[in-house]
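Generate the whole structure from the sequences, applying the supplied hints.
There are 2 protein chains.
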Amino acid sequence: MIREAGLEALKKAGLGPGDIDGIFIGHFNGGFLRQDFSASLASLAVPEFRHTPAVRLENACATGSAAIWAALDAIESGRIKRGLVLGFEKMNTLPSHEIGQTLLRCSYVREEGETPGGFAGVFGSIAGEYFERYGDQSDALAMIAAKNHKNGTVNPYVHLRKDFGFEFCRNPSEKNPVVASPLKRSDCSMVSDGAAALVIEPNTSRSLEGPSVRWRSRAQINDFLPLSQRDRTCFEGASRAWKSALKLAELRLEELDFVETHDCFTIAELLEYEAMGLAEQGQGARGVSEGLT
Amino acid sequence: MIREAGLEALKKAGLGPGDIDGIFIGHFNGGFLRQDFSASLASLAVPEFRHTPAVRLENACATGSAAIWAALDAIESGRIKRGLVLGFEKMNTLPSHEIGQTLLRCSYVREEGETPGGFAGVFGSIAGEYFERYGDQSDALAMIAAKNHKNGTVNPYVHLRKDFGFEFCRNPSEKNPVVASPLKRSDCSMVSDGAAALVIEPNTSRSLEGPSVRWRSRAQINDFLPLSQRDRTCFEGASRAWKSALKLAELRLEELDFVETHDCFTIAELLEYEAMGLAEQGQGARGVSEGLT
Numbered sequence: 000m001i002r003e004a005g006l007e008a009l010k011k012a013g014l015g016p017g018d019i020d021g022i023f024i025g026h027f028n029g030g031f032l033r034q035d036f037s038a039s040l041a042s043l044a045v046p047e048f049r050h051t052p053a054v055r056l057e058n059a060c061a062t063g064s065a066a067i068w069a070a071l072d073a074i075e076s077g078r079i080k081r082g083l084v085l086g087f088e089k090m091n092t093l094p095s096h097e098i099g100q101t102l103l104r105c106s107y108v109r110e111e112g113e114t115p116g117g118f119a120g121v122f123g124s125i126a127g128e129y130f131e132r133y134g135d136q137s138d139a140l141a142m143i144a145a146k147n148h149k150n151g152t153v154n155p156y157v158h159l160r161k162d163f164g165f166e167f168c169r170n171p172s173e174k175n176p177v178v179a180s181p182l183k184r185s186d187c188s189m190v191s192d193g194a195a196a197l198v199i200e201p202n203t204s205r206s207l208e209g210p211s212v213r214w215r216s217r218a219q220i221n222d223f224l225p226l227s228q229r230d231r232t233c234f235e236g237a238s239r240a241w242k243s244a245l246k247l248a249e250l251r252l253e254e255l256d257f258v259e260t261h262d263c264f265t266i267a268e269l270l271e272y273e274a275m276g277l278a279e280q281g282q283g284a285r286g287v288s289e290g291l292t
Numbered sequence: 000m001i002r003e004a005g006l007e008a009l010k011k012a013g014l015g016p017g018d019i020d021g022i023f024i025g026h027f028n029g030g031f032l033r034q035d036f037s038a039s040l041a042s043l044a045v046p047e048f049r050h051t052p053a054v055r056l057e058n059a060c061a062t063g064s065a066a067i068w069a070a071l072d073a074i075e076s077g078r079i080k081r082g083l084v085l086g087f088e089k090m091n092t093l094p095s096h097e098i099g100q101t102l103l104r105c106s107y108v109r110e111e112g113e114t115p116g117g118f119a120g121v122f123g124s125i126a127g128e129y130f131e132r133y134g135d136q137s138d139a140l141a142m143i144a145a146k147n148h149k150n151g152t153v154n155p156y157v158h159l160r161k162d163f164g165f166e167f168c169r170n171p172s173e174k175n176p177v178v179a180s181p182l183k184r185s186d187c188s189m190v191s192d193g194a195a196a197l198v199i200e201p202n203t204s205r206s207l208e209g210p211s212v213r214w215r216s217r218a219q220i221n222d223f224l225p226l227s228q229r230d231r232t233c234f235e236g237a238s239r240a241w242k243s244a245l246k247l248a249e250l251r252l253e254e255l256d257f258v259e260t261h262d263c264f265t266i267a268e269l270l271e272y273e274a275m276g277l278a279e280q281g282q283g284a285r286g287v288s289e290g291l292t
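So the sequence lines, in the order shown, correspond to chains A and B. Numbering that gives the first Met the number 0 applies: residue 0 is where the first sequence begins, and numbers increase by one. Numbering that gives the first Met the number 0 applies: residue 0 is where the second sequence begins, and numbers increase by one.
Some clues are possibly wrong.
Which copy is meant is left open, so a pair is good if it fits within one copy or across any two.
As the list claims (entries may be wrong) - List of simulated lysine to any residue pairs, SDA-like, C-alpha gap at most 20 Å:
#1 Lys246 with Asp20
#2 Lys89 with Thr101
#3 Lys146 with Phe167
#4 Lys242 with Arg49
#5 Lys174 with Cys60
#6 Lys149 with Phe167
#7 Lys80 with Ala244
#8 Lys149 with Phe165
#9 Lys146 with Leu291
#10 Lys80 with Ala218
#11 Lys246 with Gly164
#12 Lys246 with Gly77
No lab work stands behind these hints: they were computed from the structure. All values derive from a computational prediction rather than experimental measurement.
Next up, the structure:
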């Protein structure tokens, strides 16, 4: 899995393992595998990486970003020329009832570690509180789910490549049961095994086989971990990060053509509309109902 | 623990939490705690860090170094001005028979994950192979243990502040039993809870309360994880890293007054003498027997 993603990214960049002088592994694990020290897995997968410095980064749901940041820092500091960023997770090794428990290790375990339903339970209760405050948003959440599944049909790497449609996502059914009220299965991200890889380097004049992107700005903000210490219906950290990143890039939100955001649960995407400034607090549904997203 | 170490490091640097714009957490965990997402613990310990970007790094025994490197990269790239590096581990939450198993998660679990005695067993077998090849080194290992415990008596933060002496370390006894032949308890690092912190910044003109060091060079080399894929009695990765770091610093080993190396087990320290070039392969004992260390 690591090998496949890593070598494909290199191929698309027109490079080989010997062109990489830093490997940045994004890996949560938390008990999904007994194998920790994930950075060491790079040379197990691709023996040519035997002596290449590799390091693991972990920041819960922002683990992939953490690995990308480390690569950007290493390149911008001049320490390395080209970095390979590898993200991978193997979740299906555990019995399914333990998967939720394992993921909860990146919540504040002392208060939230026993939430029934795992993170679906955590986000279900966030959704419940949001509904209480701003009214039932089931239509909006179903629209978000339907939109994302539809987008998935054009992604060759997607786990479930099927356009489920609004009706399926809106109404509980045998195939779409309530997981953690008000969230149904279609509101929740799936348990999956997967790997992804990126090659990062300064501007290149090579012609590339794969798509390339450029970094214009980046911002990271942390917030208190325990939900009890903050307003759960408002992603203050994300809001601050958006403001800061847009300012650094000298752009306004309206100037962006494309946003990819964390949609672990549909309610999270809705709250992120508010965090990025697409809608006022309590008005997140407009993001999807008015066709903005 | 995090709070205490972090605030003390800041105090000695003449700074407060507000002066830090990046936090780099070195944390293995691997199951010692159910709480993952360790980066989030910084603001739990010091609420002023609420919005400061924090990230966790993990590289098995080199976890602390990984966190320091990330801070150096971030500073050298100009992204941050001052970083706080925090390392911590809480090992004593588990029943003692599980501690060895948990640490083995940073070995190659598929081949070494069931080694009796945990990492003591791994290094015991390395020592056994070394003894077979180069003769019994029990005297040298006992001298290393005695030297390190003696050095520990002048370190206020040490776990066990006692000069045990060569005789105690050399001869198995009720208080110093064989843990994984040929290693005795005094050859092995201890299970401990602890935290450490460093403030990293470019040159400063402030007068500092605490000691300060400067970076002259740094090098990282990885090697294959499975011991079966390399010569276990020779730390090739460490050897390459030493050569590279000395070259970058334009120094020879003889010009160094002080070396701090990883002494998880006495046999590891002996092998590192060879890796750093203090002694030829098979001659590591000279490092301590001739009083070089």
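Consistency of the hints with the structure:
In this assembly of identical chains, the alpha carbons of Lys246 and Asp20 lie at most 20 Å apart only when taken from different copies (17 Å versus 32 Å within one copy). In this homomeric assembly, Lys89 and Thr101 come within 20 Å of each other (Cα to Cα) both inside a single copy, at 12 Å, and across copies, at 19 Å. Taking CA atoms no more than 20 Å apart as the test, Lys146 paired with Phe167 passes inside one copy only; the shortest distance there is 12 Å, against 70 Å between copies. For the identical chains of this complex, Lys242 and Arg49 are inter-copy neighbours only, at 17 Å across copies versus 41 Å inside a copy, given an alpha-carbon limit of 20 Å.
Taking the shortest alpha-carbon separations for Lys174 and Cys60, neither the intra-copy value of 27 Å nor the inter-copy value of 46 Å comes in at or below 20 Å. In this assembly of identical chains, Lys149 and Phe167 lie within 20 Å of each other by CA distance solely inside one copy; the values are 12 Å within and 71 Å between copies. Proximity of Lys80 to Ala244 under the C-alpha cut-off of 20 Å is restricted to the inter-copy arrangement: shortest distance 18 Å between copies versus 25 Å within a copy. For the homomeric pair Lys149 and Phe165, the shortest alpha-carbon distance inside one copy (10 Å) is at most 20 Å, but the shortest distance between copies (71 Å) is not.
For the identical chains of this complex, Lys146 and Leu291 are intra-copy neighbours only, at 11 Å inside a copy versus 68 Å across copies, given an alpha-carbon limit of 20 Å. Taking the shortest Cα distances, Lys80 and Ala218 sit within 20 Å of each other only across copies (15 Å), while inside one copy they are farther apart (22 Å). When the C-alpha separation of Lys246 and Gly164 is checked against a cutoff of 20 Å, the pair qualifies neither within a copy, at 37 Å, nor between copies, at 62 Å. When the C-alpha separation of Lys246 and Gly77 is checked against a cutoff of 20 Å, the pair qualifies only between copies, where the shortest distance is 17 Å, while the shortest distance within a copy is 25 Å.
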